[in-house]
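Chemist: Each position in the sequence shown, counted from 1, maps to that position plus 1153 in this note's numbering.
Think of the hints as simulated: they come from the structure by calculation, not from any bench.
Treat the hints loosely; a few may be bogus.
Derived pair list, reagent style DSSO-like, types lysine-lysine, alpha-carbon separation capped at 30 Å [what the hints assert, rightly or not]: (1) K1155 / K1356; (2) K1247 / K1368; (3) K1247 / K1155; (4) K1229 / K1155; (5) K1247 / K1356; (6) K1356 / K1368.
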Amino acid sequence: MKAIIAYYRVSTKRQGVSGLGLDDQRAAVRAYAASTGSRIVAEFTEVETGKRSDRPELAAAVARARASRGTLVIGKLDRLARNVYFVSGLMESKVPFVACDNPHATPLTIHILAAVAENEARAISDRTKAALAQAKRRGVLLGTHNPLNNINWRKGKRNGLAKAVAKAADVRSKARSDSYGFLMPEVHAMRETGLSYAAIATKLNDAGHVTTTGKAFAAMTVQRLIS
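Model the full structure from these sequences, guided by the hints.
Modeler: So this is what it looks like as structure tokens:
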């Protein structure tokens, strides 16, 4: 009998306790298990806050699926299908997965959907920039060029550099979290056991993981992830 590892998602702690939405996901996974003659061997529930991109329960579910050679069955994929980092992480894990709300979609088609959504977001950003440029050509004062914004100009100049540095660090940190969120619990666990960065990189490479550029992990890459 094929093993199934169930993964559920709820958006708030209150929803996780009350079971709103969770019962439907469980019912969908159980129906899938019954229709395929499979057995649910473990269940993981992610309580998402919208403020973090790492998903420790997903990482645990992927690890369990890999260890038991089972299939990861996602109760509700919906908006996650538009997150290219999430989908790429699932594909890189090399664990077979099925989404109950889109059971006929393959990993490839889901990845294509995520790429299309990312492209749409980029197009919206480009249109916004074009509209601002057009407004500027018409003589509309934007940003710091607007006299109303010059009141705090000197103060902004003093701390602007510090804010820019902090913002850049936040962006880099979020990018790492988005790309490698599903790996971080495993990486931190290995580090806590005393493994060196080089040893962790070796284990990640042996497990078939690669960086977002498709290259093998190195000690410096792991150090940057943890820091």
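Chemist: Starting from K1247, check that the Cα of K1368 is at most 30 Å away, please.
Modeler: Answer holds: K1247 to K1368 is near 16 Å, not above 30 Å.
Chemist: Going straight from one Cα to the other, do K1229 and K1155 come out at no more than 30 Å?
Modeler: 21 Å, holds
Chemist: Given the proposed pairing of K1356 with K1368, does the C-alpha separation stay at or below 30 Å?
Modeler: 14 Å, holds
Chemist: Hint check: K1247 vs K1155, CA-CA at most 30 Å. Holds or violated?
Modeler: 17 Å, holds
Chemist: Measure nothing beyond the straight line between the CA atoms of K1155 and K1356; if it is 30 Å or shorter, mark the hint as holding.
Modeler: Between K1155 and K1356 the Cα gap is close to 27 Å, so the pair holds against 30 Å.
Chemist: Hint check: K1247 vs K1356, CA-CA at most 30 Å. Holds or violated?
Modeler: 15 Å, holds
Against the hints set out earlier in the document, no violation occurs for any number.
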